[in-house]
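**Q** Sequences and hints are given; from them, build the entire structure.
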Amino acid sequence: MKKIIGLFIMLGLVFVGCGKQAPTPGVTDTEIIIGNIQDLSGPMKELGAVLPSGSNVYFRYINEAGGVHGRKIKMLVEDHQYNPQKAVVAAKKLIEKDQVFCLYHVIGTSPCEALRPILAETGTPLIAPATQSGTMSDMTRPAGNLIFHTDTGYDKQMVILVDYILKDNANAKIGIIYQDDDYGENVLKGASEAEASQGISIQKEAYQRGATDFAGQVGNMIKGGATHVIIAGVVKEPIIVMKTAAAMGYSPKFFGTSPTMDHRVSLAAGPAGEGFISANFANLWNSDASSAVKYRELCAQYEVPKAYMGMYHFYGYITAKVLVEGLKRAGKNLTRERLINGLETLNKWDSGAFPPITYNSKDHAGTESVILVQVKDGVQTVITDWID
Amino acid sequence: MISLFTDISQEVISGIALGSIYALIALGFTLIYKATEVVNFAQGELMMVGAFVNFFFVTQFISSAGESSLWIFFVALIGSIIFAVAFGWILDFVINRPLKDEPIFSVIMATISLSIILRAIVAMIAGPMSLLPVSPFGENVIKIGGIVISILDIFIIGSAIILVSLFYYFFNKTRWGIAMQATSEDPIAAQLMGIPVNRVHALVWIFSAIVATISGILLAPRMSLLDTSMGFLGLKAFPAAVLGGFGSIGGAIVGGIILGVIETVSMGTLSFHFEWIKEINDIIVWIVLIAVLMVKPDGLFGVEKVKKV
Amino acid sequence: MKGRYEDENLYWIPLLIGFVLLLPFLLQSATFSYKYYLFVLNMAGIYIILTVGLDLLSGYTGLISLGHGAFLAIGAYTSAILVDQAGISFFISLIISPLIAGLFGFVIGFPALRITGMYLGLTTMGFGFIVKRLIIAFREWTHGAGGLDVSSPVLFGYTIKSDWDNYYLIYTCVILAIFAGRRLAKSKIGRAFMAIRDSEQAAEASGINLAKYKMLAFFISGLFAGFAGVLFAHTSHFISTDHFDMLLSIYFIIMVLVGGAGSIYGAVLGTLFIVLLDNLYVPMIEDWIHSFMNTNAGDIQSLIFGLIMFLFIIFQPMGLYGMWLKLRIYWKIFPFNPRKRFT
Amino acid sequence: MTELTIKNLHMQFSGVVALDDVSFNVDKGEIFSLIGPNGSGKSTLFNCINRFNDPQKGQIVFEGHNLLKMQPHQIMNAGIARTFQNIQNVPFMTILDNILLGAHHRIDNRSTIQRWLSRKQRQKEEAMGLEILDLLGIANYESKYMIGQPFGIQKLTEIARALVAKPKLILMDEPAAGMNDQETYEIAKIITEIRDDLGITVLVVEHDMSLVMSISDRICVLDSGNILAIGEPEEVKNHPDVIKAFLGDPADA
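Protein chains in written order, with our numbering: chain Y, 1 to 388; chain Z, 1 to 309; chain H, 1 to 343; chain L, 1 to 253.
These are calculated hints, taken from the structure and not from any lab test. It cannot be assumed that every hint is accurate.
Claimed, not checked - To spell it out: a stretch of chain H is covered by chain Y in this simulated footprint if at least three of its residues, at any positions, have a beta carbon under 8 Å from a beta carbon of chain Y; those stretches are:
{"no.": "1", "stretch": "26-37"}
{"no.": "2", "stretch": "143-151"}
To be verified - Label-pair ranges, simulated between beta-carbon atoms:
{"no.": "3", "chain 1": "Z", "residue 1": "T174", "chain 2": "Y", "residue 2": "K223", "range": "23 to 33 Å"}
{"no.": "4", "chain 1": "H", "residue 1": "K212", "chain 2": "L", "residue 2": "G39", "range": "28 to 38 Å"}
{"no.": "5", "chain 1": "L", "residue 1": "K69", "chain 2": "Y", "residue 2": "K223", "range": "43 to 53 Å"}
{"no.": "6", "chain 1": "Y", "residue 1": "K223", "chain 2": "Z", "residue 2": "M294", "range": "26 to 36 Å"}
{"no.": "7", "chain 1": "H", "residue 1": "L99", "chain 2": "L", "residue 2": "K69", "range": "52 to 62 Å"}
Claimed, not checked - Straight-line C-alpha distance at most 25 Å; calculated DSS-like pairs for lysine-lysine:
{"no.": "8", "chain 1": "Y", "residue 1": "K306", "chain 2": "Y", "residue 2": "K376"}
{"no.": "9", "chain 1": "Z", "residue 1": "K296", "chain 2": "Y", "residue 2": "K223"}
{"no.": "10", "chain 1": "H", "residue 1": "K212", "chain 2": "Z", "residue 2": "K296"}
These numbers were taken from a predicted model, which means no experiment stands behind them. Glycine is no exception: its CB is placed at the ideal position from the N, C-alpha and C atoms.
**A** In structure tokens form, the structure reads like this:
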């Protein structure tokens, strides 16, 4: 027995220190490896298929054009099933095993929040987390200086939506139907800010993730006499809410936060969804914005499946653009610090779809404006300019 | 006062519709539990598979016929039920037979892994994008007084009542049904009495798959988008089965409706008038369930098993 | 003096402990991404502590719990609040927080006196949801659904920060937990638990107070889970209610059953098996499949995981420990094995 | 000297009368048998003493303690052990551990904690069980698992589990059921040994008449909840009511 333990110790001593690490992980002369953690088999798995595909369209375009400073971008995708613990394991794998240069476009608020300790420990930047939670750009939290948020927070979106409603109709009675989790909590934060600044009171109704019946909430909206209802759901909920309201003969103006921007909302809701206004943090994929035109061109060129194309696919595309811009500005000698410095030089930078993005060492929120999109005759149409 | 009454009756009606869905899923749990004492954790997934198969048939038939009519939905329904029969039989063959003499936990585990497998297979075949389900009833609603109910919900409530009474009759009045009850009480004695236990078990899995398919078909249009996460609804119907008393067919519908009504009323009128109810909205069902179990440990209609010393 | 009754050989236990302690060195020498493997092992270690407790409850006492993630959450949140907000030292929190989780065990143990079988499973599942809601309701301390940052543990003036340090902290606790679990299972209390599982009448006639021992089982199980929760909170540095969802609780039960309910080593083996399967082997198989087939990675992963589990249950319903026992018997009577038994 | 007094015991299950006004005494150091056809209330009587069933009326007094005021698990502390008709044991536990189950109330909590740290207490516990195993002559079975053991061994373990508790009174529910003649003889020997060597009072329910007649000091005959006769074996054997109940009315024949 002693012999075996001795052997272990000797083996250990011989090999200690043999592991070697590249000076900058994930960067070689020809390649930059980045990591992406998506929900590939959980409740949000639609996005898990679509978002990386969108990003890859842009990466392919860049790679075919010679890459960034001669380096091609390679994206590894892991699954987290919308579970923060799995997200941490996946991040650990990407960072320690696959030695990625940075993490990019990780989906979900709680998975992204759960990554903070690892990011801080390893100094890995997280570019464009795919969540609109305002908490992501909080610089006082761990790894705050490593996370670059591209989207307008839900809290900010709420303030903007309430402003917009009251501007047209000062007597509007506003109600919100929100998902009862971290998403909803961020929405409520914005709602109470709006309440305080406008001196109104907003009727709030909660629902549980995965709910399929909204009769109670819609009934309460009728009782409360809400004339404008903001739905802070994902894709399914606004459809059901609007259909239920139509069935009950209740027709307020419906608004939605950014996750409801998907074009299938109007598709599935049909006539009930006519006039639905959603707050988009980016321009429409089928609009005339410069990025959108290029995007459609590239999609046609690379034969992207038609079902994938849409707002979320486009979202993946433009955040890839932000990342690539940061990599370009980081210069030839790529390190993580240089990437951060490179991104922090962005000043009112126009991506062609996002509102102008500004980063500096004290603010990683990027942007705080949204564009409002209304469903007219079943087609999403931009109705405002950037509002903040 | 009158408006309060209308509000509450509207919520109760919606709750009954929601509860009928729970009841349909709970009925599937109950059937298998009644005959084999197995808790089938894959019941929600069976429903999901049924909904997808039906969706496949409907879209195929519509695209080949060129237009949608009630006939197509009917034929697709028949097709889905035939599929459910085959599917139930296969499940019995794959799960029930190899694990016949094993502890009950093994079978539960097998059903949990089955649910994982089914979700993965359906997702692989159907692709990552969720589908837009089609309903033969469209968005039509009926208005009685101030109360609105959609035709789809009427169908859901109706099929829940019909299926539950059908199985209630079957289990309590027909020879096969009584044989099934005997099988669950004591499989060995039932075998000795000449009841073909294997065939009874296969039949029960088939029934359960059919019920799941029907509930999946009815539920899909309510979900607005069809994807594999529909299977998780099985877990929401679990308390309904338990509240009614596992293994009691009448209990499934009573438990389902009670929970459905509690859910809608607490989300609606109750949380409108009492702010704090919002905090406990998603656990109110569980609080009721635990409270009932504390008083009646075997559910509302469950039968206590007496062990002989 | 040596007892007449020897049920097992214990000489290999120090060897195993030595191996556990040297494993990080081995990993470091074998691969440069050892930190990832250490991380997975750390996670497995935390889960082992919990499943040992869960095994005492579900495997030994036969009281099924589908809400054990809740105890993990209680331990984690209590410790996070005690250490970061009340300023209590980590070491003391390591004692107090499990006790609080254990007290919650008493609360859920109370319905267990009347409710049995799947009904109890559902009650504990409901308990899991209720605890989650309670955590959100105490917003002031827990930051609601948003999650809570947790500090690194400080033990005797030394801050435990890296995966390496975490490994030794966690596995010292794991060894203690396994030791405690084994001793408990072999004592009067363990015998009482098993008697309650197999024959409540025999237990009562032998003077075992059913109420007391069922509560005790929940208390002890909550204690282990709370202990795991403290380690979980302070080694992952961020906790949220999403961490402790119901599927996690079901995974815990799967771990116990795969290992073989009613044996502490079984729980350990089962936990290692599932965690390693989920995080190392399934991705490996998936990579291999991807080399000749192009599918959605997430679906294929769950499919492989489900299939392995399923086949395992079909062919090895007694669990890993049962397999090990069979093997041991096989080698004991090696040349004379009856052919029928192992086919 | 009277050890167990049963007075006017009445028990019914939703209309079915299981015990109807049953009274008798069991003296210390006696082997007292309860016989009667199936359903005559023998096991119910045991369950009443064990407190698994709640009688509606009557008294059960053991050494001055009113058993009806106790919880089932307190009966063992009062000094009454029991074996079961359907064997009740823990299959995946060794025979020794199964037996030590009965010693539950003899091991106090402090020594349980001591046992965590030292082996001494463990050996002390083992000694309790081994003593009984030696007594019953199944000493070499101690570390075998209960599952798969022959029926006779399982029955003996059941008795051993009751004995290790060092009871004053032991209730045996059909100790010889399902055994062959040889084994029944062994059981008879063990029962007498329990009484003679250990001084434990034995209350037996049994169908095997030869066993009952050979070992009993007194016999009580029950029929549908009523006592037909109490007395010494010979006395009972010739009691007209007993003959009528067991062999049928000679007048009918």
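**Q** Report holds or violated for chain Y covering the stretch 26-37 of chain H, Cβ cut-off 8 Å, minimum 3 residues.
**A** holds (count 10)
**Q** Between the beta carbons of T174(Z) and K223(Y), is the distance compatible with 23 to 33 Å?
**A** With a Cβ separation near 49 Å, T174(Z) and K223(Y) fall outside 23 to 33 Å, so the hint is violated.
**Q** Mind checking the alpha carbons of K306(Y) and K376(Y) for me, to see if they're no more than 25 Å apart?
**A** holds, 22 Å
**Q** Hint says 26 to 36 Å; check whether the CB-CB distance for K223(Y) and M294(Z) agrees.
**A** holds, 34 Å
**Q** With a cut-off of 25 Å on the C-alpha distance, tell me whether K212(H) and K296(Z) pass.
**A** holds, 21 Å
**Q** Evaluate the given range 43 to 53 Å for the C-beta pair formed by K69(L) and K223(Y).
**A** violated, 58 Å
**Q** Straight-line Cα separation of K296(Z) and K223(Y) no greater than 25 Å?
**A** Roughly 37 Å between the alpha carbons, so the hint for K296(Z) and K223(Y) is violated.
**Q** Quick check on a hinted range of 28 to 38 Å for K212(H) and G39(L), using CB atoms only.
**A** holds, 35 Å
**Q** Given the hint of 52 to 62 Å, is the C-beta distance from L99(H) to K69(L) inside that range or not?
**A** Cβ of L99(H) to Cβ of K69(L): about 34 Å, so the range 52 to 62 Å is violated.
**Q** Examine the stretch 143-151 of chain H: at least three residues should have C-beta closer than 8 Å to a C-beta of chain Y.
**A** n = 5 at 8 Å, threshold three: holds.
Hints 3, 5, 7, 9, counting from the list given before, are not met by this structure.
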